[in-house]
Amino acid sequence: MQVTLTINGEERSADVEPRTLLVHFIRDDLDLTGTHWGCDTSNCGACVVLVDGVPVKSCTMLAATAAGHEIGTVEGLEQDGVLDPIQQGFIDQHGLQCGFCTPGMLITARALLDANPNPTDAEIREAISGQICRCTGYTNIVKAVRWAADHATAATPGS
Amino acid sequence: MQIPAAFEYERATSVEHALELLHARGPEARLLAGGHSLLPMMKLRLAAPEALVDIDALAGELGYVREEGDEVRIGAMTRHRDILESGLVAARLTIFTDAEKLIADPVVRNRGTIGGALCQADPAEDLSAVCAVLRARLVVRGLDGERTLTMQELHRGPYETTIGDAEMLVEIRVPLHMGGGSAYEKVKRRVGDWAIAAAGAAVRLEGGTIADAGVALTAVGGDVMSERAQASLVGRPPTEDAFAAAATLAAEDCSPTTDQRGSAEYKRHLAHELTLRALRSATARALREEI
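Each protein sequence line maps, in turn, to chains E and S. Letter by letter, the first sequence follows residues 1 to 159 in my numbering. Letter by letter, the second sequence follows residues 1 to 291 in my numbering.
In case anyone wonders, no lab produced these hints; they're calculated from the structure. Nothing here was measured: the structure is a model prediction, and the numbers come from that model. Glycine included, every Cβ here is placed at the ideal spot set by N, Cα and C. Be a bit skeptical, because a hint or two may be false.
[Unchecked claim] Listed next, the stretches of chain E that the computed footprint assigns to chain S, with coverage defined by at least 3 CB atoms under 8 Å from CB atoms of chain S:
#, stretch
1, 70 to 77
2, 124 to 134
3, 145 to 153
[As the list claims (entries may be wrong)] In silico contact screen, one side only, chain S against chain E (beta carbon under 10 Å); selected entries:
#, residue
4, 43
5, 110
6, 111
7, 248
With the sequences and hints as input, model every part of the structure.
Okay, here's the thing in structure tokens:
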């Protein structure tokens with residue numbers, strides 16, 4: 001079946017089986033490999049993308065269901081060479097080691113800050129509680145999100 | 001890689017359309033709501049429907065929480081997140097908010113729906129006990145009209161409901177009479193995991209005694225609702241002795257099994273302790289409401 005959706009503002013289309021999961025559609029059919037494919041069981045959160053602005057685990061949604069919707073992935077965070085504050089926060093606060101969980105963390109954090117520009121540490125921890133970092137970097141991830149909240153408009157790299 | 005077995009895919013644009021598609025596809029078709037129960041089952045080949053009727057587009061038509069008369073009506077496609085964030089639910093059906101906070105994780109709650117959860121009939125699923133405690137009625141629609149079921153009538157057994165091949169759950173009607181004095185207590189190993197055990201309770205007080213009570217358990221086998229525990233509370237003052245007696249009956253009536261989450265003995269201990277805590281919390285809330 002033909003699945004057409006908007007991803008990071010661009011309309012894309014591919015012919016796939018109905019059983020194709022959104023994560024594989026994004027990675028294999030649209031060649032956007034920033035979204036990671038992790039546990040496959042909706043536990044780890046490496047595959048989180050935005051569907052109409054809402055964070056969703058893309059291993060547990062059919063590409064067919066996403067047809068006609070607006071998808072946002074980690075590739076869409078940077079705009080014209082300028083990193084999103086959340087990306088800059090992860091750099092400044094060492095919010096990653098191996099980087100596997102990072103795309104999902106970034107997307108969930110972006111959605112949190114869009115809804116709640118000044119979250120408490122408890123709210124940040126709750127927001128990312130469905131995501132697993134196996135480098136045990138949660139403390140720095142929380143700091144990174146905090147940094148992004150404090151630098152919401154200062155998105156210049158190295159700032 | 002976990003990929004579901006192949007299936008035919010249809011997308012419904014209204015409840016009527018979904019029912020027509022189910023009717024046309026026959027008994028091997030299934031509704032796909034939020035997908036967070038059915039898709040994992042399909043990936044593990046525990047479910048292999050020949051056709052899926054995707055009702056994601058009905059999230060508007062069947063996504064609502066509203067007060068009507070002496071009940072709250074929740075559309076079957078209402079997402080967990082929307083129930084958790086409902087001020088009406090938090091104020092009037094507190095047990096729902098208690099339970100929703102601990103269902104899966106925030107990202108999963110963005111997709112999962114109450115209707116999908118109830119129809120999955122997973123013995124470890126929380127909202128079945130919540131709905132049983134509050135005596136919710138389930139509105140099931142078919143091509144010929146609607147019928148209304150209790151939770152006990154909905155569930156035939158684990159993962160099995162009495163909903164027909166060309167029928168769907170469209171609405172959950174929750175009476176308000178015990179909603180304010182209600183609570184849910186759950187123990188799970190970590191965020192996102194299912195309950196090791198959980199208990200829900202609700203009480204309605206009249207002149208210092210319990211006029212009505214609901215007690216139900218999650219993930220410990222047997223019937224969700226503990227009729228003996230409920231009956232033991234009615235007519236008694238809401239004391240520790242009454243709660244302990246009810247908790248003992250609830251723990252006796254459940255039938256937990258030993259698995260990787262804990263021993264049967266530990267789960268029975270939890271059933272007792274969590275029933276006790278839920279009754280204390282529900283009563284404290286009911287007393288606050290009376291003031």
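Would you check whether residue 111 of chain S satisfies its interface hint, that is, whether its CB is within less than 10 Å of any CB in chain E? Since the shortest Cβ distance to chain E is 6 Å, the answer is holds.
Confirm or reject the coverage of the stretch 124 to 134 of chain E by chain S under the rule of 3 or more residues with a beta carbon closer than 8 Å to the chain's beta carbons. holds (count 5)
Please check whether residue 43 of chain S passes as an interface residue: C-beta within 10 Å of a C-beta belonging to chain E. Holds. Min distance 7 Å.
Tell me if the interface restraint on residue 110 of chain S is satisfied: Cβ within less than 10 Å of some Cβ in chain E. holds (5 Å)
Cβ contact check, 8 Å cutoff: the stretch 145 to 153 of chain E against chain S, three residues minimum: With 0 residues closer than 8 Å to chain S, the stretch 145 to 153 of chain E misses the three-residue bar; violated.
Tell me if the interface restraint on residue 248 of chain S is satisfied: Cβ within less than 10 Å of some Cβ in chain E. Violated, because the Cβ-Cβ distance from residue 248 of chain S to chain E comes to roughly 35 Å (cut-off 10 Å).
For the stretch 70 to 77 of chain E, do three or more residues have a beta carbon lying closer than 8 Å to a beta carbon of chain S? Per the Cβ count (0), the hint is violated.
In the structure shown, a violation is registered for the earlier hints numbered 1, 3 and 7, in ascending order.
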